[in-house]
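Number of protein chains: 2
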Amino acid sequence: MASLTNHVNGRGHEEDEPKFVLVTGGAGYIGSHVVLELLKDYRYVPVVVDNLDNSHPECLHRIEALSGKKVPFYPVDMMYKDGLREVFKKYNFSSAIHLAGLKAVGESVENPMKYYRVNIGIALNLVEVMKEFGVGKLLFSSSATVYGTPKYLPLDENHETGACSNPYGKTKFFIEEMLKDLSQVENDWNIVLLRYFNPIGAHESGEIGEDPNGIPANLMPFLTQVAVGKRKEAKVFGTDYATRDGTGLRDYIHVVDLAQGHVAALAKLEEKCGCRAYNLGTGKSVSVLEMIAAVEKASGKKIPYVLCHRREGDVGEMYCDTTKAETELKWKATRSLDQMCADSWNWQRKNPTGYKTA
Amino acid sequence: MASLTNHVNGRGHEEDEPKFVLVTGGAGYIGSHVVLELLKDYRYVPVVVDNLDNSHPECLHRIEALSGKKVPFYPVDMMYKDGLREVFKKYNFSSAIHLAGLKAVGESVENPMKYYRVNIGIALNLVEVMKEFGVGKLLFSSSATVYGTPKYLPLDENHETGACSNPYGKTKFFIEEMLKDLSQVENDWNIVLLRYFNPIGAHESGEIGEDPNGIPANLMPFLTQVAVGKRKEAKVFGTDYATRDGTGLRDYIHVVDLAQGHVAALAKLEEKCGCRAYNLGTGKSVSVLEMIAAVEKASGKKIPYVLCHRREGDVGEMYCDTTKAETELKWKATRSLDQMCADSWNWQRKNPTGYKTA
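Going line by line, the protein sequences match chains B and S. Taking the numbering used here as reference, the numbering of the first sequence is continuous, increasing by one, and the terminal residue is 1475. Taking the numbering used here as reference, the numbering of the second sequence is continuous, increasing by one, and the terminal residue is 1475.
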């Protein structure tokens, strides 16, 4: 089992000592930014579990270079509980941030059973191993997709959930439901469900960022790949939505803001919070055409695009009510759209082929 | 591996030869009646897989005595795929009827992770093994509980699903969703979701019937246990519903009618049906007080009862629209409430302690 840890003994820390936080999927796009934010915080020592299925060890090296700290890393496949147990034996975890999972919407439609098997399987394995080791604080990486087509806007956390249009989204919804049910009977557990809106951007250093396999399914990496010359033109799916310019509106959030939201939520787990959901977004919506213009401005490159029909399952507009996160987590996204685009572009420019350049 | 089979070679049957049908949970209450109906039909040879967690081998002996046929039986725990694979290697299955699963609502609230782990796990294992062996016809034992609180009555199959009030019901809903998604991409699969209303009654012989562990959670076995002197009094949960006598109304269906609905649905799988849901009920609703009176009539015993508060999650009235099953499956429940009560009582009277008398 690989380990970069410089923590010789991971057990038995005192009140004022830093707490070990398991970060599953900690080498991924969101995970790497969460780990970096945790490393900045004297209260926490992140320990990464990641099977590197859709991430690169280079990412962890860069986090170590940026932070000047070693990151304990275990290349564990969470489908097998014993590997997870070994990590829990080494560290007296205070809490877990569960980010690991399959996340490609299109692939989930093509191979739904894989998504149900893996995403539900690893969530159950994690919860069972946490229970075995008496760890009862969990942040779960959920998604705004659990809301389905909005019945009203902005989306607050009381909006109904479940009418998801694809298996990926359903796995998020199912796991939310499972954790809510768990929380009903495990009174000493505290669980926070973080419903991400649309994370974009990258760390300001340009050293870590989103590195999708193959053709990006999300707008931002597609746009920056066009800007950097890797792709010919962008596609705008849907021009006849009832929105200000006819294209889809989304609530984009800077990934560093999102990561800081995780740190804020960790503090919530120290309270007797039961199971609570929080939106992580900015509360503002940006159209596809506005985003193209913003990336053009940030990159100084012209981004050609073609207008296409709507994609099935897409909705016209989504943005969140941020009140609950602001009030209860004392957290608010602060980075502007221009900052998001500048950082996305900086990462793409410095790493035109992602971590594979290293 | 135990086997009672008299089919020396389970492989390679011709068009006019009987088809092997896997029945998971085939030793349970519903399963045993389904197996008996299949044994009466020259087109099918049922093969039972059951871990006997909540059923008795005696039940299978009685089915063999009633039918005069051997029932191939494998005591496989479906949480382990290899055991299932061994059965698929022995038989060239035409289809599978998936009835296995945990089904106690109250236990599911107390231990939700167990329900998610087991019910979702065995459904995924079955589907994956079916896929490995090229078997693409599946009947799934779902429940009216997927409808949640009725938005309208009678409940037809287009009623929205998902707002289930307990983990047991959610596992049924989640598995329905998984199978619908599977059906979207596996064009050669045919799947029928059977949404049971409230099965009661027993085979007219009184040789097989419902044999719940511990205190029955359902009304009928509770009433017959009071009638037979095993319990002191019945409990009526909720007397202030907006129903004709204030008590809850349910759509009770004779288990033999229900079993015959499975045989009718097997024929549907021979068509290119995609994934379809059917209600299995009578379309009529009976109140708790009416049921008590009917069991008193059938048994000739007085059934004392106490009035209690509503149980959380219970709804006032549920009954189904039977049109779709009648039209598309050419099946209709025919047995009366008096018949249901007479057969439930006959089973209870002959087997005051269930299969454990044998």
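If you're looking for bench data, these hints aren't it; they were derived computationally from the structure. Treat the hints with care, since some could be wrong.
If several chains are the same, the list does not tell them apart, and a pair holds so long as it fits within one copy or across any two.
Here are the computed lysine-lysine pairs in the DSSO-like style, where the Cα-Cα straight-line distance is at most 30 angstroms [what the hints assert, rightly or not]: (1) LYS1198 to LYS1186; (2) LYS1389 to LYS1231; (3) LYS1389 to LYS1349; (4) LYS1347 to LYS1268; (5) LYS1268 to LYS1297; (6) LYS1401 to LYS1136; (7) LYS1441 to LYS1418; (8) LYS1467 to LYS1231; (9) LYS1207 to LYS1268; (10) LYS1414 to LYS1441; (11) LYS1231 to LYS1419; (12) LYS1198 to LYS1349; (13) LYS1187 to LYS1352; (14) LYS1347 to LYS1206; (15) LYS1419 to LYS1186; (16) LYS1198 to LYS1401; (17) LYS1347 to LYS1449; (18) LYS1207 to LYS1467.
Checked hints:
In this homomeric assembly, LYS1198 and LYS1186 come within 30 angstroms of each other (Cα to Cα) only inside a single copy, at 28 angstroms, whereas the closest approach across copies is 43 angstroms. Taking identical chains as interchangeable, the C-alpha atoms of LYS1389 and LYS1231 lie at most 30 angstroms apart only when they sit on different chains, with a minimum of 24 angstroms there against 35 angstroms within one chain. In this homomeric assembly, LYS1389 and LYS1349 never come within 30 angstroms of each other (Cα to Cα): the closest approach is 52 angstroms inside a single copy and 42 angstroms across copies. For a Cα distance limit of 30 angstroms, the shortest separation of LYS1347 from LYS1268 qualifies neither inside one copy, at 38 angstroms, nor across copies, at 52 angstroms.
Within a single copy, LYS1268 and LYS1297 get their C-alpha atoms as close as 22 angstroms, and across copies as close as 24 angstroms, so both meet the 30 angstroms cut-off. Taking the shortest alpha-carbon separations for LYS1401 and LYS1136, neither the intra-copy value of 35 angstroms nor the inter-copy value of 60 angstroms comes in at or below 30 angstroms. For the identical chains of this complex, LYS1441 and LYS1418 are neighbours neither inside a copy (38 angstroms) nor across copies (59 angstroms), given an alpha-carbon limit of 30 angstroms. Taking identical chains as interchangeable, the C-alpha atoms of LYS1467 and LYS1231 are never at most 30 angstroms apart, the minima being 34 angstroms within one chain and 48 angstroms between chains.
For the identical chains of this complex, LYS1207 and LYS1268 are neighbours neither inside a copy (46 angstroms) nor across copies (52 angstroms), given an alpha-carbon limit of 30 angstroms. In this assembly of identical chains, the alpha carbons of LYS1414 and LYS1441 never lie at most 30 angstroms apart, being 33 angstroms within a copy and 58 angstroms across copies at closest. Proximity of LYS1231 to LYS1419 under the C-alpha cut-off of 30 angstroms is found in neither arrangement, the shortest distances being 39 angstroms within a copy and 55 angstroms between copies. Within a single copy, LYS1198 and LYS1349 get their C-alpha atoms no closer than 44 angstroms, and across copies no closer than 47 angstroms, so neither meets the 30 angstroms cut-off.
Within a single copy, LYS1187 and LYS1352 get their C-alpha atoms no closer than 41 angstroms, and across copies no closer than 63 angstroms, so neither meets the 30 angstroms cut-off. Within a single copy, LYS1347 and LYS1206 get their C-alpha atoms no closer than 45 angstroms, and across copies no closer than 49 angstroms, so neither meets the 30 angstroms cut-off. Proximity of LYS1419 and LYS1186 under a CA criterion of 30 angstroms is satisfied in neither setting, with 39 angstroms inside one chain copy and 77 angstroms between copies. In this assembly of identical chains, LYS1198 and LYS1401 lie within 30 angstroms of each other by CA distance neither inside one copy nor across copies; the values are 41 angstroms within and 48 angstroms between.
Taking the shortest alpha-carbon separations for LYS1347 and LYS1449, neither the intra-copy value of 34 angstroms nor the inter-copy value of 62 angstroms comes in at or below 30 angstroms. Taking CA atoms no more than 30 angstroms apart as the test, LYS1207 paired with LYS1467 passes in neither setting, with 37 angstroms inside one copy and 58 angstroms between copies.
Consistency note: the structure conflicts with the earlier hints numbered 3, 4, 6, 7, 8, 9, 10, 11, 12, 13, 14, 15, 16, 17 and 18.
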